[in-house]
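Chemist: With chain A's structure known, arrange chain B on it following the hints.
The primary structure of each chain is shown beneath.
There are 2 protein chains.
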Amino acid sequence: MAKKTTRKSQDDKRMKERDKATLAKIVALADTITEAAFKHGDISISIPTRSRANTIWNRKKRILEMGDNKASRELFNLNQAKQFMQTMLHSATIKELIEADKTSSLRSVFYKAKHTVAGTRENTFDTQEESDPILEDLEVTLGALREELHIFAENRGAMVGNITLIDKGDEIDCRRMGSGGYALPSIVEPDVIEFKKCEADFVLHVEKGTVWNRFNEDRFWEKNNCILTHGAGQPPRGCRRLLQRLNQELGLPIICLLDCDPWGHYIYSVIKQGSISLAFESSRLAIPEAKFLGIRAKDYRECDLSDAVKIDLKDNDIKRAKEIAAYPWFKENKAWQKEIQHMLDNGFKMEVESLITKDISYVTEVYVPERLKKRDWLD
Amino acid sequence: MAKKTTRKSQDDKRMKERDKATLAKIVALADTITEAAFKHGDISISIPTRSRANTIWNRKKRILEMGDNKASRELFNLNQAKQFMQTMLHSATIKELIEADKTSSLRSVFYKAKHTVAGTRENTFDTQEESDPILEDLEVTLGALREELHIFAENRGAMVGNITLIDKGDEIDCRRMGSGGYALPSIVEPDVIEFKKCEADFVLHVEKGTVWNRFNEDRFWEKNNCILTHGAGQPPRGCRRLLQRLNQELGLPIICLLDCDPWGHYIYSVIKQGSISLAFESSRLAIPEAKFLGIRAKDYRECDLSDAVKIDLKDNDIKRAKEIAAYPWFKENKAWQKEIQHMLDNGFKMEVESLITKDISYVTEVYVPERLKKRDWLD
Chain A
1150 MAKKTTRKSQ DDKRMKERDK ATLAKIVALA DTITEAAFKH GDISISIPTR SRANTIWNRK
1210 KRILEMGDNK ASRELFNLNQ AKQFMQTMLH SATIKELIEA DKTSSLRSVF YKAKHTVAGT
1270 RENTFDTQEE SDPILEDLEV TLGALREELH IFAENRGAMV GNITLIDKGD EIDCRRMGSG
1330 GYALPSIVEP DVIEFKKCEA DFVLHVEKGT VWNRFNEDRF WEKNNCILTH GAGQPPRGCR
1390 RLLQRLNQEL GLPIICLLDC DPWGHYIYSV IKQGSISLAF ESSRLAIPEA KFLGIRAKDY
1450 RECDLSDAVK IDLKDNDIKR AKEIAAYPWF KENKAWQKEI QHMLDNGFKM EVESLITKDI
1510 SYVTEVYVPE RLKKRDWLD
Chain B
1150 MAKKTTRKSQ DDKRMKERDK ATLAKIVALA DTITEAAFKH GDISISIPTR SRANTIWNRK
1210 KRILEMGDNK ASRELFNLNQ AKQFMQTMLH SATIKELIEA DKTSSLRSVF YKAKHTVAGT
1270 RENTFDTQEE SDPILEDLEV TLGALREELH IFAENRGAMV GNITLIDKGD EIDCRRMGSG
1330 GYALPSIVEP DVIEFKKCEA DFVLHVEKGT VWNRFNEDRF WEKNNCILTH GAGQPPRGCR
1390 RLLQRLNQEL GLPIICLLDC DPWGHYIYSV IKQGSISLAF ESSRLAIPEA KFLGIRAKDY
1450 RECDLSDAVK IDLKDNDIKR AKEIAAYPWF KENKAWQKEI QHMLDNGFKM EVESLITKDI
1510 SYVTEVYVPE RLKKRDWLD
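Quick note, the sequences are listed as chains A and B, same order. Take the first sequence: its letters are residues 1150 to 1528, numbered as in our numbering. Take the second sequence: its letters are residues 1150 to 1528, numbered as in our numbering.
Every clue listed holds true.
Identical copies look the same in the list; a pair holds intra-copy or inter-copy alike.
The list that follows gives simulated cross-link-like pairs (lysine to aspartate or glutamate, EDC-like), each with its CA atoms no further than 20 angstroms apart: (1) 1507 / 1275; (2) 1345 / 1322; (3) 1346 / 1319; (4) 1251 / 1340; (5) 1507 / 1250; (6) 1487 / 1528; (7) 1251 / 1319; (8) 1174 / 1184; (9) 1244 / 1168; (10) 1372 / 1319; (11) 1165 / 1343; (12) 1522 / 1448; (13) 1459 / 1278; (14) 1522 / 1451; (15) 1459 / 1271.
Simulated from the structure, these hints should not be mistaken for laboratory data. Since this is a predicted model, take the numbers as computed values, not measurements.
So here's chain A without its partners, still in its complex pose:
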């Protein structure tokens, strides 16, 4: 292992490279605008369109991507002038953050830019709902992840297992993290989190902390040589990005254990293909190879479960299930079409936690190990 000082200075060097690149993009954006201003021309920015219509399913790469549509945001246009100003304000904040080598939350960035325009009664921003989309515009315009703009989302989720990583110079041995685990940060780019040593064969990702506790308490990761993660529901960006890095850089399969309901299917879909609202980031967040191990619609019979596990599908669930079945990646996938239809035929949902009806540790000692052995999962 390199000494900490060496590691630190390597970090600094890499940090500077990534930040230099982002900074250069912001300065280039500003230069374009000032040049246009000096030429007395139209002052505008060209912003890729973040809409469903401009979202493309890339069948070959198996991820959602943005199309080529762009919209012009003009200063001398009454409908666009405010957004133009907002875009500039946030660009300035990002430049300041990168130069100070600090990071900030979406909410703080909103506060930073919020003020009453001098000599008017007009506010730059009134609510955070106005501010967040401007930051997404900047992400697509600059071609930089939000994390590269030094902005973090909330941190949620935890990890344990057969991996050692370096987080800002600190060595984290995920084999010795007790019952609590390592709390997943929001920014997990290589200059923050470095993988040092990993013997794990795969990652088991579960939906909830309560399920994660059962697996950690039973030391599933030790017995099955894996890494165990959860994202406290729909996994936040930090969790998704970390899973993607574990998959791409270490070649670890990402195996998901989620509920047998439209919400569980949707979580899997987002982990696997990305979401429409964040399609521009799929290449950095999506994991096309992620597997869905369970809970499966067939499990009620196959595992001989009792009626206690059944939760009736409501109208809204049925509607949602049909929407999800129509997603291009599910539409082309016969196994998934069958799975969703089977759930609809059952007429009920099932949660991971319901497997306790068999035995406290049935899920960790029987269900998951058997499925893993048979490689019985949906792709």
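Modeler: Chain B only, in chain A's frame:
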């Protein structure tokens, strides 16, 4: 440091003692019922009443407590028979969990007991909303914390700082936890979490992970020799219990940095005095000595903040603020009466994150250090 094997066996020994005690209580409960049954007498359990009317403000101890009211839950009573059965089912699950030395979530315990009663169409439980209160009844009846019944809540929150602890035999050095931190588990009783070495002078508890990130990134805990925690909003039981242990066992002041709004005041109130719904657990969760450092209503002027920080109080906020001002511990506290009145007079709320309008690190480098130095907080 003791060797891991020694530590482990000490853990086992202590674990057994705590569990033995809880198990004895459950067996005693069952014995009472079977004795009554053999005598052909009334079969009932006496359950302390968890209601506002039976909640007492103990001025001397400065915590909320339950009064002495009890209600009888009878088997031969059409209105109570189902709850009687439910209480017995959950008692059996808890006994099983303790004997297996495993823990479980509220949801799993619900599933474990849920089934259709043989020969009828009646379910033991229909929803988790029916199940959770039965577990609370058992807590008060047995005089055991939920955690002692081997049941955990969700885990939320994280910690870094100048402390080393042992979590299930693993040594966690919270000084070397990178940007992510140590994820707080739900069960933090002494047989799970042991404090090993602590140089910290106090705990700074902040509301949100996003604020916590700012303090961790600026290494506030290192510069100010403290421990830094957050509870991802209203702190869950595990977080509150850990703060209480840090306060009672290590004598560390718990200093809270929360928003200047009724929600921030309520979070503080729960940390300090306990909640009415969990009054029976105040002695294990409440921290009467907890301090409220900020944000304060006076800060708008005192810190020379811009109008950008103002969020108008809505009718509901005003109503809530008045309710909180009427809580007995706030009612008797002149400084708190003044604080809430000041916020109402201001007519606006302020969030911790709004301090970024001064400077990115104003909150970590100026605001909190200055207030700490002046010991300027509410008690």
